[in-house]
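S.K.: Sequence:
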Amino acid sequence: MSTPTPARVSARASKSRRRHPAYRGHATAAWILIAPALIGFLLFAVYPTLRGTYFSFTTYHLLSPAQWTGLANFQRLIHDQTFWHSLWVTVYFVALSVVMGILLSLITAVVLHRLTRSTVIRGLVLLPFLISGVVAAVIWSWMLDPQLGIVNVAIKAVTGQRVEFLGSGSLAIPSVAMISVWKSLGYNAVLIFAGLQTIPGEFYEAARLDGASEMRMFRHITVPLLRPILAMVVILAVISSIQVFDIVQVATKGGPANASNVLQMYIYDTAFSQYNFGYASAMSLVLFAMLTIITFIQLRVTRANESDTN
1 MSTPTPARVS ARASKSRRRH PAYRGHATAA WILIAPALIG FLLFAVYPTL
51 RGTYFSFTTY HLLSPAQWTG LANFQRLIHD QTFWHSLWVT VYFVALSVVM
101 GILLSLITAV VLHRLTRSTV IRGLVLLPFL ISGVVAAVIW SWMLDPQLGI
151 VNVAIKAVTG QRVEFLGSGS LAIPSVAMIS VWKSLGYNAV LIFAGLQTIP
201 GEFYEAARLD GASEMRMFRH ITVPLLRPIL AMVVILAVIS SIQVFDIVQV
251 ATKGGPANAS NVLQMYIYDT AFSQYNFGYA SAMSLVLFAM LTIITFIQLR
301 VTRANESDTN
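At position 300 of the sequence shown the residue is numbered 300 (this note's numbering), and the sequence of numbers has no breaks.
No lab work stands behind these hints: they were computed from the structure.
Where is the CB? At the ideal position from N, CA and C, for every residue including glycine.
Everything hinted at is true.
Simulated DEER-style distance windows between Cβ atoms: (1) T53 with P146: 42 to 52 Å; (2) Y268 with I139: 19 to 29 Å; (3) I139 with R162: 16 to 26 Å; (4) V153 with D210: 50 to 60 Å; (5) T82 with T292: 20 to 30 Å; (6) F245 with R300: 22 to 32 Å; (7) Q67 with V46: 18 to 28 Å; (8) V99 with M290: 10 to 20 Å; (9) H61 with A289: 15 to 25 Å.
Construct the entire structure; sequences and hints are all you get.
M.R.: Here it is, written out as structure tokens:
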């Protein structure tokens, strides 16, 4: 006679629990609770994605039915100079906003961690993140106005000249990136601040006893132990920067002379000004593929860094 193993006993117990009326009642209640969120996800995320994927293979316009054209939209995209220009502008914007944002967020988090842990101050730092991108763009458009903006008033008082921040082809993207960084700075800083609080203080005490300087402790203790949270912040920053639209739309409208015409602006103009939803869907599908690839690469790098740290 064979003796039942612990695995078999556990499996039988699990099956008996599933048959129990109380278990079925809990499962039904769980499905009822998650049903609204699941239905919303299917309606507003899955269905539009599938519908947009279908439109990307058609010549769908607002006043004409969709006609299947296969890869024609993607072939057009390869030879579309405006698309490649918008893609380059997007890459430039992402590089500026992510690098500046991560550095400033890290500095802000370290300052908060070292000097103060006041909840009020953290709330003030987080405040810009709570306003919409439209409001942030309007505020900074006023401040950067070449005639009446407070920033230009200060610059003219020092240099005697005014600067066209949003109206200059070379300064439009850096200015928009600065607005984006200002808006997301508090959120990223709070995330990094939370990561700093998880680092045991004994590590720093032992390093000080060994004569390590503040910079060496930051390089060899703080940064390595913050890699997981920094990787998450970078992923969120990259995705948010690639999807930027509202700030550019309000601050520059893609100008001057398409200098700040990011990919989202070009997709919007193609869909709602030219009413070419098929071609706009093809560009959106390419953008979605880019986001997926970038996120996958960053996750792989993050896991590799975590294994090295462990």
